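Dock chain C against chain X, hints included.
Just so you know, the protein sequences line up as chains X and C, in that order.
The numbering of the first sequence is our numbering, which starts it at 1 and goes up by one.
The numbering of the second sequence is our numbering, which starts it at 156 and goes up by one.
Hints were generated in silico from the structure; no laboratory data involved.
Just so we're clear, the structure is a prediction, and the values are computed from it rather than from any experiment.
Some clues are possibly wrong.
[As the list claims (entries may be wrong)] Chain C is nowhere near these chain X residues, computed Cβ spacing over 10 Å in every case:
| id | residue |
| --- | --- |
| 1 | 15 |
| 2 | 25 |
| 3 | 30 |
| 4 | 37 |
| 5 | 58 |
| 6 | 109 |
| 7 | 111 |
| 8 | 121 |
| 9 | 125 |
| 10 | 127 |
| 11 | 128 |
| 12 | 130 |
| 13 | 132 |
| 14 | 138 |
| 15 | 142 |
[Stated by the list, open to error] Here are the in silico distance ranges between beta carbons for each label pair:
| id | chain 1 | residue 1 | chain 2 | residue 2 | range |
| --- | --- | --- | --- | --- | --- |
| 16 | C | 184 | X | 7 | 22 to 28 Å |
| 17 | C | 156 | X | 107 | 33 to 39 Å |
| 18 | C | 156 | X | 88 | 47 to 53 Å |
[Said to hold, decoys possible] Partial chain C-side listing against chain X, Cβ under 10 Å, derived:
| id | residue |
| --- | --- |
| 19 | 189 |
| 20 | 196 |
| 21 | 225 |
Backbone N, C-alpha and C fix where the C-beta goes; we use that ideal spot for every residue, glycine too.
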Amino acid sequence: MMSGSTTSTGTATGREPRFGDVRAGDRLPEMRHVPTRLQLFRYSAVTWNTHRIHFDPDYAAQEGYPDVLVQSHLHGAFLVTLCTEWMGASGRLTRLGVSVRRYAVPGDVLVCAGVVTGVEQVDEGHGLVHLDVTETRESDGAVCATATATIVLPL
Amino acid sequence: MPVDETLLDSIRTNAGSETVHSLGPVTALTIRRYARAIGESNPLYLDTEFARARGYAEIVAPPNLVTAITCWDEGPAAEGLREDGTPLVMQLEGLPTSGVRVMGGGEDMEFHAPITAGTTVVERSTMLDAELRQGRTGPFIVVRYRHEFVDGDGVLLVTSTRKVLVR
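Extracted from the complex, chain X is given alone in its bound form (with noise of 0.2 Å):
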């Protein structure tokens, strides 16, 4: 695979949502990413991040890990897609708290996950959707990141 790949699972519905449609529980289309090598490259070199820890193998490995590791911000940045797509251009995000729990290596299938946790109308045209998201390994499970997010939708 020449650059990192991204799917996903696609709206049930196609529009974006507003508020009223939107209930505590509902979950939101799953997104897989495989990031490889050369789009751990392109984050850092974007980011002007010189850490070899994200593009040097052998460096990597002197540290204990079998392959470089994907950027902290680029698990954000994942999570953070997995908001956009969902709420569409009408949304907004205004919130998102992650915290990186284990690290991850190119190749790895990342699964997003999301569910509403609540809902809170704020005026006569907007309301806040509350977000649990996560990022998981597909192949043992172990949740990379987790993510509190918040989203203003039109009513």
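Below, chain C without anything else, positioned relative to chain X:
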């Protein structure tokens, strides 16, 4: 360097003081490249006409772009880098520059306003507090920083509270 009360006290002397860095403009090229690197095809990040039709002046940066950029200038010359590739001079105020390992421990970001291409960003950083904890493999210090990213007029764009682990 021992990770102990003495180091904790020395780190804590920097708590509360704010540092301000002008980061420069977030360019359209940076936004496009960042979108490519994370595997995004969202036209808000890539298509100027689409962004304008949605009411933005220019393409919009993916939400966590400004917090993800490690270095906003050219960075140090090769001799200014450590064995692990990171700069000898840490950008985080108040931490020792050698003898300890520093790693990220989570980040809580609030996105106040979209950042469009060409926006000039200023970062205000404050060390909030530091705490010594006992882990399975020994003591470590958790340092919390708050970063505010504002535009040239001082309008709040993104705030981030970040935990940094020192061991």
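Assertion that residue 127 of chain X lies outside the chain C interface [Cβ separation over 10 Å]: Per Cβ check, residue 127 of chain X is outside 10 Å of chain C; nearest 17 Å; holds.
Non-interface claim for residue 109 of chain X, where every Cβ of chain C lies beyond 10 Å: Holds, since 14 Å exceeds 10 Å.
Outside-interface status for residue 138 of chain X - nearest CB in chain C farther than 10 Å: Consistent with the label, residue 138 of chain X stays out of reach of chain C, its closest Cβ about 17 Å off (over 10 Å).
Proposed interface contact between residue 196 of chain C and chain X, which counts if any beta carbon pair is under 10 Å: holds, 8 Å
Verdict on residue 111 of chain X as a residue remote from chain C, using beta-carbon distances over 10 Å: The claim stands: residue 111 of chain X keeps its Cβ more than 10 Å from every Cβ of chain C (closest is about 14 Å).
Nearest-CB test (10 Å) between chain C and residue 25 of chain X: holds, 24 Å
Residue 58 of chain X non-interfacial with respect to chain C [C-beta, more than 10 Å]: holds, 12 Å
Distance rule for residue 125 of chain X, whose beta carbon must clear each one in chain C by more than 10 Å: holds, 15 Å
Cβ distance range 47 to 53 Å for residue 156 of chain C and residue 88 of chain X, holds or violated: Holds - the Cβ-Cβ distance for residue 156 of chain C and residue 88 of chain X, about 50 Å, lies within 47 to 53 Å.
Satisfaction of the residue 225 of chain C interface hint, Cβ to chain X closer than 10 Å: It holds, given that the least Cβ distance between residue 225 of chain C and chain X is near 4 Å, below 10 Å.
Interface exclusion of residue 132 of chain X relative to chain C, criterion Cβ beyond 10 Å: At roughly 14 Å from the nearest Cβ of chain C, residue 132 of chain X sits farther out than 10 Å, so the non-interface label holds.
10 Å cut-off, C-beta based - residue 30 of chain X kept clear of every residue in chain C: The assertion about residue 30 of chain X holds, with a minimum of 15 Å to chain C.
Taken one by one, the earlier hints all hold for this structure without exception.
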